[in-house]
Amino acid sequence: MGIQGMELFAIGVVIILFMAVLKQFGILEPMSSFEDNSDSDLELSTVRHQPEGLDQLQAQTKFTRKELQSLYRGFKNECPSGLVDEETFKTIYSQFFPQGDATTYAHFLFNAFDIDRNGSIRFEDFVIGLSVLLRGSVTEKLNWAFNLYDINKDGYITKEEMLAIMKSIYDMMGRYTYPCVRDEAPSEHVEKFFQKMDKNRDGVVTIEEFIETCQKDENIMNSMQLFENVI
Amino acid sequence: MAAGVAAWLPFARAAAIGWMPVANLPMPVAPTEKNKRQDELIILNVSGRRFETWRNTLDRFPDTLLGSSEKEFFYNEETKEYFFDRDPDVFRNVLNFYRTGKLHYPRYECISSYEEELAFFGIISEIIGDCCYEEFKDRKRENAERLMDDQEDNKDAKLPNMTFRETMWRAFENPHTSTMALVFYYVTGFFIAVSVITNVVETVPCGSSPNQKEVPCGVRYTVAFFCMDTACVMIFTVEYLMRLFAAPSRYRFMRSVMSIIDVVAILPYYIGLVMTDNEDVSGAFVTLRVFRVFRIFKFSRHSQGLRILGYTLKSCASELGFLLFSLTMAIIIFATVMFYAEKGSSSSKFTSIPASFWYTIVTMTTLGYGDMVPKTIAGKIFGSICSLSGVLVIALPVPVIVSNFSRIYHQNQRADKRRAQKVQKARLARIRISKEGSSNAFLHSKRNGLFNEALEFTSSTEEEQRLTKSTSLLESQHHHLLHCLEKTTNHEFVDEQYYQQSYLEAGLQNYPSRSPSLSSQDGVTGTCCTRRSKKHHTPLPNASGPAHMQPLTHAHTHQQGLQELSTIHIQPLTTSRSSLNMRVDEPASMNCQSSQITTAIISIPTPPVTTPEGDAHLPAGPIHQNVVKVSAL
Chain A
1 MGIQGMELFA
11 IGVVIILFMA
21 VLKQFGILEP
31 MSSFEDNSDS
41 DLELSTVRHQ
51 PEGLDQLQAQ
61 TKFTRKELQS
71 LYRGFKNECP
81 SGLVDEETFK
91 TIYSQFFPQG
101 DATTYAHFLF
111 NAFDIDRNGS
121 IRFEDFVIGL
131 SVLLRGSVTE
141 KLNWAFNLYD
151 INKDGYITKE
161 EMLAIMKSIY
171 DMMGRYTYPC
181 VRDEAPSEHV
191 EKFFQKMDKN
201 RDGVVTIEEF
211 IETCQKDENI
221 MNSMQLFENV
231 I
Chain B
1 MAAGVAAWLP
11 FARAAAIGWM
21 PVANLPMPVA
31 PTEKNKRQDE
41 LIILNVSGRR
51 FETWRNTLDR
61 FPDTLLGSSE
71 KEFFYNEETK
81 EYFFDRDPDV
91 FRNVLNFYRT
101 GKLHYPRYEC
111 ISSYEEELAF
121 FGIISEIIGD
131 CCYEEFKDRK
141 RENAERLMDD
151 QEDNKDAKLP
161 NMTFRETMWR
171 AFENPHTSTM
181 ALVFYYVTGF
191 FIAVSVITNV
201 VETVPCGSSP
211 NQKEVPCGVR
221 YTVAFFCMDT
231 ACVMIFTVEY
241 LMRLFAAPSR
251 YRFMRSVMSI
261 IDVVAILPYY
271 IGLVMTDNED
281 VSGAFVTLRV
291 FRVFRIFKFS
301 RHSQGLRILG
311 YTLKSCASEL
321 GFLLFSLTMA
331 IIIFATVMFY
341 AEKGSSSSKF
351 TSIPASFWYT
361 IVTMTTLGYG
371 DMVPKTIAGK
381 IFGSICSLSG
391 VLVIALPVPV
401 IVSNFSRIYH
411 QNQRADKRRA
421 QKVQKARLAR
431 IRISKEGSSN
441 AFLHSKRNGL
451 FNEALEFTSS
461 TEEEQRLTKS
471 TSLLESQHHH
481 LLHCLEKTTN
491 HEFVDEQYYQ
501 QSYLEAGLQN
511 YPSRSPSLSS
521 QDGVTGTCCT
531 RRSKKHHTPL
541 PNASGPAHMQ
551 PLTHAHTHQQ
561 GLQELSTIHI
571 QPLTTSRSSL
581 NMRVDEPASM
591 NCQSSQITTA
601 IISIPTPPVT
611 TPEGDAHLPA
621 GPIHQNVVKV
631 SAL
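Note that the protein sequences, when read in sequence, are chains A and B. 45 is the number that this note's numbering gives to position 45 of the first sequence; each next residue is one higher, with no gaps. 96 is the number that this note's numbering gives to position 96 of the second sequence; each next residue is one higher, with no gaps.
Next comes chain B alone, as it looks inside the complex (with noise of 0.2 Å):
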């Protein structure tokens, strides 16, 4: 039901009572209102911009936001109004749909900004009008092709550890990953060349000796030819029988394009060498050369340009059917009419309607080759119109087709584009350094968090107050939360550095030595084991990981059995520091009765920024150079 109408349902029950005296049954009860208001003006206040509307405007839409007893929660005691933090200028839009019923989408509006406050106001975009619908889907489609190039440009990041198939068949869809896939590329575009070449060559009439024809090269130098031949359908097949153990999917590859184009284009060769040198098959023998040529679209995978006519060909099937209709309408009335109208003259070309598709094809598509022409005055005149309405029939399907490649290709340029210049590097590098300083001021506060516990003993209150530094209050809760789950997991959170180089590490030795990560002060048990900090295990593929988190027993048999332990950075600190190391060793010397025994871990970076002053917020710089491994209970 419309919104609007929903005014007129008070109007629709009234008009009931016609059916009251032809009723026979009595009527069921009607619905009462509980509480009966009055229609009220309610303020709804959008980040400053007062918008006023009825109630009942409100209520046509109950699985709203706004129609529902969600909007209470937005509700503001003292200014009596509802409060919402978005944008104004799409709100307008969210209450012209309440009034008129009909969502619009405006066009200075960007797509996923609009989107979010749809979503937010509960409002499904299906139901914009057909007035701003197509707009708004035009742009969404751009919109997420253009989020789709992104992605694939992420997927571009090398995974860890690949099986030898996986990097092959990388290698063979992306050249640039590595350089034996470059010049497996550039080997196989060259002999694509090569052979295509020698096809062509193959039938030049090479010089002769006077006495003789003149033959084509193919026949004077047939071995030569075929030798060339021989060695093209060898790398050829050697090529695809590798793409086909590469592949993910082999049935899905075998039905692919690019396979069957490859398939077609070494088959012949094999079939002429099955086949003999029979007169009979010797015509289909020539025609089987003919597929030779296919080896030309083995270049398409070589050439963007190619590709991109190819999905554009395929995405205006409909178009080029309906060219292909109009064309063949007008081709058979016009070959009627014009065989109609030259019957009565002598000696015509038009000996029968097919007879004359040739003409009007040729007509049509303004070739005019001139090998059949009308005599007569009729025939004439038909035949000017039958050119006329060709260029127009022609010109018209044309832009359509025009126009798809136009945007496909911008697209694909649009992505190239980015992929090669910087932008996209520097964009990358702006989103990845925010999420390390994120990342990072996470780990610096834990490790200040760790001097503040540590100086706890050392009591000395100045210093503590110097190290407190003035994270918002924001900042230290989501530094709780993320503590939170280090201790649910009981892993932690490490740089990327120290996460690659414990990586190479473990692949150089068996065991995983180094644990760069931080201690994560557990201030809140105050046992012997002071400094309760983790055993850090990275996520190692070989770490025995869970057999760490055993209570006490275990743990002491794996330190003692890998070794991993902490690898305390102090070494700038001590000098001045000289606490922090009796912490480290204690728990070693002590009988710890805890459940937990962890390695204090802990990585004091650069000297700058461990500086008892702690005002440095410089990320982990190249923290292993003062790496000291300490071995710990």
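Excised from the complex, chain A in its bound form (with noise of 0.2 Å):
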């Protein structure tokens, strides 16, 4: 009598099962690559940065010592390596605006803050970027508004960019707004914008045009003004 169907299946159970014990002896090496994500977690957790000295710091950004002080006691409570990543900073930033999604608009301003491209924030990113945003001159700041929206810092804004940015603002005011956000309205938002911002009509807005235009514009200049006395 041949070996049967079930009688085959049975041999199967039984093969798997040996190989199941010898596992458990060590004698049959696991074809899993743990190994690989523990180590890749050991990594992020034993660097750890240190910032430059206190008076290297002051001579770069426009605060004060004492100032620097309470931002670096604030960054390192939330950052104890240091080191702020993109979750990290995503994470931080999703708890200001519990309604809407803030994450694409902190992808933004990572870059934008990020400026050696690293990957990660370090305290001196963190301190002359809001060095410029909080006591910067109103050129100073435009020009970093003009950095977070050209997203692939080629000099120009182009409208897709834009789009992308109107996107993730309005993505921060989440569902529950009055009136409804509908899908077109960061299309003529951007519009509007161009409208507004391009002058030759060339599609892209430089840097020229932006600075030209929003000095122009008297609400945006007060508006810059408004957390000069954030810190």
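Be careful, since some hints might not be right.
[To be verified] Covered, in the sense of this in silico footprint (three residues per stretch, anywhere, with C-beta under 8 Å from a C-beta of chain B), are these stretches of chain A:
no., stretch
1, 88-97
2, 130-137
3, 164-170
4, 188-195
5, 219-228
No wet-lab data here; the hints were simulated from the structure. What you are looking at is a predicted structure, and each value in this text was computed from that prediction instead of being measured. Quick reminder that beta carbons are idealized off the backbone N, C-alpha and C, glycines included.
Combine the two chains into a complex, taking the hints into account.
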């Protein structure tokens, strides 16, 4: 009598169980890639970054010593390792906008702060960025904003870039708004923006066009001064 | 918003500059900080241990004590720090909450003290971090159960007036309350046992004459068994009806498990009576007799362990459900496999999958009857896997059930032990003594206050000095407070004994004769009725209390009517305190113009206490022996 189907199946099951037992004894090496994951976890936690000295930072930024101390304490509290990676940054920023999805805008912000594009913000980047935003001249602030909108940092804001930024800003509003955010709202907003900014109608906004237009707009100039005394 | 990221708010606001160029509308005005302070260190002194932190750290949670202006109440001007007279160890956790945004619960801390500290500092305990939350919840639940036990013990206190129905219900629920209840309890228990044994013996084959078949006893001695059954059912019926009558909420009682068991236990008998010996229904009749076995569940009223078992099973319903579900899955799988494995073999008992269910169940529970055995190799292999996995599947949910049972059982053991032992009694006695101590101190000081007042007239300073006891300021303020309460309600505090005494007497006589309370000196007014002691009326049910508080005329009539008057226990003092006597009689003779006539009620307890030296602090002893009833106006 040849081996019938069920018996074949039974033998197969027996072999599997046998292998399971051998695995327990460590004779059969498991072919999982557990080690890789655990190694990569180790990497980030051992890296620690110390900022430059207080004096150098004071020279580079327009903050006083006490302000720098206070800023660093807040920074270090949230990121004990001294470096903010994008995920942590998104988490922190999202906490301020509970109703909407702030991750996309946080992504753009992260890129704006991460000057050397190494994927993490150090305290120096953080503080230099803040110095521009809070203590810089209007031109510097406008420069910073342009830098934020120019996603690929090529010196031109295209419609696509602007649309991405606009969408991310509208995302932060979330669903429960009055009136409801329509799907066309970001594009309309972009159109308005380009109509205002794009003087030579070439479809892109350059830094000069941007600064020039903003300096002429009273609303924008006023709002630039809004956050002067945040720290 | 989490606490830690509060530090990043300035950053988020600064980053909002990125929205400005695209905005079409003007921005709202930013809020300005009125007095922008630099971040400063504040010192928190908790019972001597100094904690220092930044002010901003505490401001993260403005709805707690430390984060709001409430902490200014604790500010100490001289040392420029905030002083809290609380536990410094627990405070460490509280402060860490501000620092990290997560509240932790340490294991070694007592749950109630921790909760008190949290309540003091205005932190709700629900925000304990996930790492410690389960532990916290478990401890809290345990504590609540323990407290519930304590409360249940106290509920056994006898209430003065319970209706007959209530007493009956209490007797049923708690057989230890009276002898009758205990008798009833044992009688019903006995009859349940008798009934169950009868049912069992009924089916045993009794000896028979050689020419007849063996017949069960029930058939042989039908009448006897019938009588026995009737008697038991009578008792059960009566018991059920009495319980139904006594139950506070009849509807709820009828829905309870025990009453359903009672009904199910006695119903078959009545149905059997009603039905005749009809052939077609006799089968159903036989089935009904099965339900008689439910009488054994009536024992659960008598057995604590049974109740615990039932309660455990109820509380482990989810685990049991899981066990059942996983077993069912495994049974179906293995039955299918075994069926197909054994299909080939000849004369196999595995005729269908449902037929294989029996084999699977027997194998998985390791019973192994051996009536169905696989013959093929594949069948044997799968059969062995089946039995191994059966052990595993059954063993997994069982520890959960066991631990639940153990927890509930130990809880009950603890409660029982405490009830039985003197520990509980001693503890309650201690609590009672301490309460009595403070109330007696008050009563005592009132007496002494009385003496003080009396002595003012005799104006003998030495005795005054001797009498003024050295009560602490706290005590005297407390007593003053109690005194004010007495004045407000026009009632007085008395000893427990006096109260019971007067209650008993009220039952005997139709008027409350004894007013065993103390005079409350109203030293404020110096009218003719200097001994303005209140007319005491104990909180007796029929005391026409409010009437006593009426002005003069009413009081007169009532006094004449009721004769409820002062009981002046002045026996020991008659020799030395004749002035008191005079005082007492004076109101009677004088025409008091005061709006409130009350009788002088002084209770002067045992001699040692009432010596002029007034040093003894004994509580009121067997005072009623020294009562001298004096009627006074």
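Practice problem: Against the structure, test the hints numbered earlier, and report the numbers of the ones violated in rising order. | Solution: none
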